[in-house]
Amino acid sequence: MLKKILNNKYLLLIIRLFLGFVFVYAAVTKISEPEGFSQAIYNYKLLPIFLVNILAIILPWIELTAGVLLIFGISVKENSAILNGLLIIFIIAIVISLFRGLDINCGCFGTVDGSKVGLIKILENIGLLILGYLLIKFDSKFLSLLSYTKN
Amino acid sequence: MRADKSILSYKKIIGILITSSLLGILVNYFNPEGIPLVREKLELSWASDSLFNEIIQDSSTGVVDTTKLILEKSINTNDGIEIIKKETEKKPDDKIVQQKDQITENNPKETEVIAFTEPKAIKLDQAYVLFNKGVTFIDARDENDYLAGHIKNSVNIPFDDFDNHKQKLDKLSTNKPLVLYCAGTDCDLSVLLGNLLFEMGYKQVYVFFGGWVDWVNANYPVEYPSK
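Chains as they are written, first to last, in our numbering: chain A, 1 to 151; chain U, 1001 to 1227.
No lab work stands behind these hints: they were computed from the structure.
No experiment lies behind these values; they were computed from the predicted model shown.
Virtual Cβ for every residue (Gly too), placed ideally from N, Cα, C.
Be a bit skeptical, because a hint or two may be false.
[Said to hold, decoys possible] Cross-link-like lysine-lysine pairs, in silico, DSBU-like; alpha carbons within 30 Å at most:
#, chain 1, residue 1, chain 2, residue 2
1, U, K1133, U, K1171
2, U, K1011, A, K3
3, U, K1012, A, K9
4, U, K1011, A, K116
5, A, K3, A, K116
6, A, K137, U, K1011
7, U, K1133, A, K45
8, A, K116, U, K1166
9, U, K1166, A, K121
10, A, K45, U, K1166
11, U, K1011, A, K9
[What the hints assert, rightly or not] Cβ pair distances, simulated, as ranges:
#, chain 1, residue 1, chain 2, residue 2, range
12, U, P1036, A, K137, 38 to 46 Å
13, U, L1008, A, Y25, 23 to 31 Å
14, A, D103, U, N1153, 39 to 47 Å
15, A, Y25, U, E1033, 15 to 23 Å
The following block holds chain A by itself, in its conformation from the complex (with noise of 0.2 Å):
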């Protein structure tokens, strides 16, 4: 019964254009403030120096192919699967974060928000979680892109 409901093509349409714009918003905050962002990855102290910046150029790009994508319908399986995995990064990131007293700025949507860590992102970001495991496991091919040209 649970399934029938979760695999409702409309449902997953809602899920797809959700997770694909609040992801293409998180990257457009990003990118329009690298200096920013690469200050904020720093700030969780996870990484060498020399990684943090390329990390704060090419991450936002991901989301922002992964979530332009999504929003298409173009190979939703495997942007939902690039967009879980970088949420499980991020879970991991706020955990030590919290684990180790850091009170920092969560980095989320650049600095727009100017949130910190904590449990409240974890929830959020494991809300995120189970919405792209949803697009992986049931796919949502309606009003894709390519659906459209095919017809």
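Knowing the structure of chain A, use the given hints to seat chain U on it.
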């Protein structure tokens, strides 16, 4: 209704990752606000005790030669901040001497300014000397940390929320010394804010390594507004 059984294409995943990464590097390369591929280490000169005492004494007479900044050796810290002490010959810095002359001629009241060539790192005892001289302390931590406790009479200008607090700088002369601090030796907010203020024209910026933690441990004057 069944779950979609199609298998994830790892080739597609790798393709998307590589393409988007290259795109990011390319855009960053052409972006005027782009950042270097490798983040630079923050560097600060560390003022020796003898040098610091000289500067303090010279400040009182109004005759200052910042080119006396000598004695340097590398100290690598774990958090990517490199503190350097240099051993160089005393060379006159034309720019600073000229600046000093202009200040002396045009504004005799400002003769005590020391125009550093970059922010200087200081230790607890040096910070305490400046505190007793009435030098302004700036707390670079966020507002909650500041409210939980701070060095007495310090001004809170969080680096992470600089735009909302920068108006506090209107009351601070660029010709007066400033001491910046954050949580301790493991934070870099004071270094970042120090560099920013220095770029904004503050000529004498000290960064107090050890910060709040060292200050409290030494039982120096503090304030706890939230209590």
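Quick rundown of the hints versus the structure:
no., hint, verdict
1, U:K1133 x U:K1171, "18 Å, holds"
2, U:K1011 x A:K3, "29 Å, holds"
3, U:K1012 x A:K9, "23 Å, holds"
4, U:K1011 x A:K116, "36 Å, violated"
5, A:K3 x A:K116, "35 Å, violated"
6, A:K137 x U:K1011, "18 Å, holds"
7, U:K1133 x A:K45, "36 Å, violated"
8, A:K116 x U:K1166, "21 Å, holds"
9, U:K1166 x A:K121, "28 Å, holds"
10, A:K45 x U:K1166, "27 Å, holds"
11, U:K1011 x A:K9, "26 Å, holds"
12, U:P1036 x A:K137: 38 to 46 Å, "41 Å, holds"
13, U:L1008 x A:Y25: 23 to 31 Å, "25 Å, holds"
14, A:D103 x U:N1153: 39 to 47 Å, "24 Å, violated"
15, A:Y25 x U:E1033: 15 to 23 Å, "19 Å, holds"
The structure fails to meet hints 4, 5, 7, 14 from the earlier list, while all remaining hints are met.
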